[in-house]
Structure formats: C-alpha cells, structure tokens
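For the record, the sequence lines run as chains A and B. Residue numbering for the first sequence follows our numbering, starting at 1 and increasing by one per position. Residue numbering for the second sequence follows our numbering, starting at 1 and increasing by one per position.
Rather than coming from a laboratory, the hints here were simulated on the basis of the structure. Mixed in with the good hints there might be a few duds.
Unchecked claim - Over 10 Å on every C-beta distance to chain B, these chain A residues come out as not near it, computed from the model: (1) Val23; (2) Ser59; (3) Leu74.
Unchecked claim - Which bits of chain B does chain A cover? Going by a derived footprint, with three or more residues having C-beta under 8 Å, they are: (4) 86-99; (5) 103-112; (6) 163-169; (7) 194-207.
Where a beta carbon is used, it is the ideal one built from N, C-alpha and C, also for glycine.
What follows is the residue order along each chain.
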Amino acid sequence: MTAHHELMTTYTATVTVRLKRGVLDPEAETTKRALERLGFELESLRSADQFEVDVDADSAGEAEDRADEMAQRLLANPTIHDYDVEVAEA
Amino acid sequence: MTVAVVQFGGSNCDRDAVRALSHLGIDAERVWHEDGLPEDVTGIMLPGGFSYGDYLRAGAMAARSPILSEVREAAADGVPVLGVCNGAQVGCESGLTDGAFTTNESARFQCERVFLRVENADTPWTAAYDEGDVIALPIAHGEGRFEVSEERYDQLVEENRVLFRYCDADGNVTDDANPNGSRGNVAGICGDYGVGVLMPHPERACLPDLNGSTDGAGVLRGFEHA
Chain A
1 MTAHHELMTT YTATVTVRLK RGVLDPEAET TKRALERLGF ELESLRSADQ FEVDVDADSA
61 GEAEDRADEM AQRLLANPTI HDYDVEVAEA
Chain B
1 MTVAVVQFGG SNCDRDAVRA LSHLGIDAER VWHEDGLPED VTGIMLPGGF SYGDYLRAGA
61 MAARSPILSE VREAAADGVP VLGVCNGAQV GCESGLTDGA FTTNESARFQ CERVFLRVEN
121 ADTPWTAAYD EGDVIALPIA HGEGRFEVSE ERYDQLVEEN RVLFRYCDAD GNVTDDANPN
181 GSRGNVAGIC GDYGVGVLMP HPERACLPDL NGSTDGAGVL RGFEHA
C-alpha cells in the first residue's frame, strides 16, 4: 500500500459548472445591471461555479475520471448545468 | 398509519407540517434524517426550510443523504411522498421528480400568496379538487423557478405530470401570475409512484385561523389515499 502510494501523484482537478446556454441566470443579470450602474458597458455576463479538487491518482486520466464522476453525481445538476474538468499536477 | 416528516438540519416547516397533518386527523411525526424511516411509515413528507443551508444548490445535500435511499425504496413500494418547498427541491435533486427548482427570475426571496390552477386531479395530492379548480396558497422561496429542457417539459405535459400551475384569481395562466419565472407556470409536478412535489406551502393553508385559506388541506389529504 505504501509503495503504491509513492507512485501516486497529486493532481488538482478544476471543475467548472455553468448554466446551460439559454437557462436564465437572474444573479448574473443583476450583476450586469450593477456593472452598468457603475458606468461599464457590456453586452452580457455569465457566471460559473468553480471547484478545485485535489486527488491522488495514478494518472491524470484517472484523476479526471474521478472529478468527472463528482461533477455528475453532485457538483453539477444535469438538468440546468454543463461542466468541464481540467486536470494539472498540483 | 404514520406520516414521517423528515427533518434535516435547516428544515423549518417540519413542525408546521406535523401540526397541519394532525389537525386533519392524519397521524404524523417528525423523524430526524439520521434516524431513518420508522418501520410503520405510511407516508413521507419532505418539509420546507433550508436543509444544509442551501449549500451548493437548494436541496442538493439532503438529496444525497442516506435517508433518501430509504425514501426512494419506500416510494417504489407505494408509500406516498410529498415534497414541499425545500422538500420539492430535494425531490428534484434526488431524481424522484424531473426538472429543477432554481433561482427566481427576480433573484429575490419571495413571500406572498399565489393562486394555483389544478391541472391533474387524478393524483393523491390533487384528488380533493377538480381539474381547473383555483386554490390560494402561500409561497416563500428564493429558488422556486421550475426549469427543465423543452423536450422534457413537453413530455411532462404529455404524461400529465403537472399538478398545479400559477394562475390569476380567475384561473388564467399568465406571465403576470407567474411569481418566479417557472417554465409553463409550473408550481408542482408528480414523479413515478405516489411522488408529488410543489413549491407553495399547503401546510400553511390548513388551520382556519392562519393565512385566511384552508385550500391546502386537500393536498395533505393525499396521505389518506395511501
């Protein structure tokens, strides 16, 4: 077990969860209006949630698979969200 | 018979629900989620509140707590399950019902009285009414906007799963009568088995001395059909 652990690498999986295109984002709309009140000009604004998950894994692929399952089972709601996962060595 | 009103950390309508059910002569008790469902359970209510502080998304954490596996099994065995407000969010998040209840179009918490039109009177939760009846219930939510893809929405309608739509006092389903931007003015839907969820609070419209409406009693009487 210990020997196995030494072969593992710590990866940071960055999971970004966004509302699907076309799903209304009232908080982003409110933020956009507040920016406009401050004098900024902008066409649109989207918000997203980002999670950084540190995992020990044998490979970047394995780390990505695990983060992907986390997104599917909890971090994102497939009814309203899309998500993507990026993995880098921590 | 006992209806279990499942209490999570952050639930705050569990006592109201037990009070309302008891008033209607329906035996009910609060059940702490970690204690699991009682063996003699004949109905399950997921009450309103802010379970787990609405962390991540309203209902997301409670939907993945162990007792929801028991709720799912009981539902499949024919035990009626009613989710109200946060309980409706838990119902959607757990997959007991389709769709999602998310941030109101106004981006504000809204506490007001709404009118609902009964769309399908052929479920335990609406059997006390006739199709087309208009009832008045209170809402109190920040994340009550029903969202679902257009395809799934069409399917829900086709399968007659819409329980209630927001409407005006005369029963017209209009944009003006839609308090939160819900797709199709949907306020409540049913899932498989005897699962129903709605954002308005029937338990707050049961006692004659409160809120000026007892229209919600018919929803809770769904537990009598078990």
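Q) For this structure, which hints from the list above don't hold up? A) Violated hints (numbers, rising): 1, 3, 6 and 7; every other hint is consistent with the structure.
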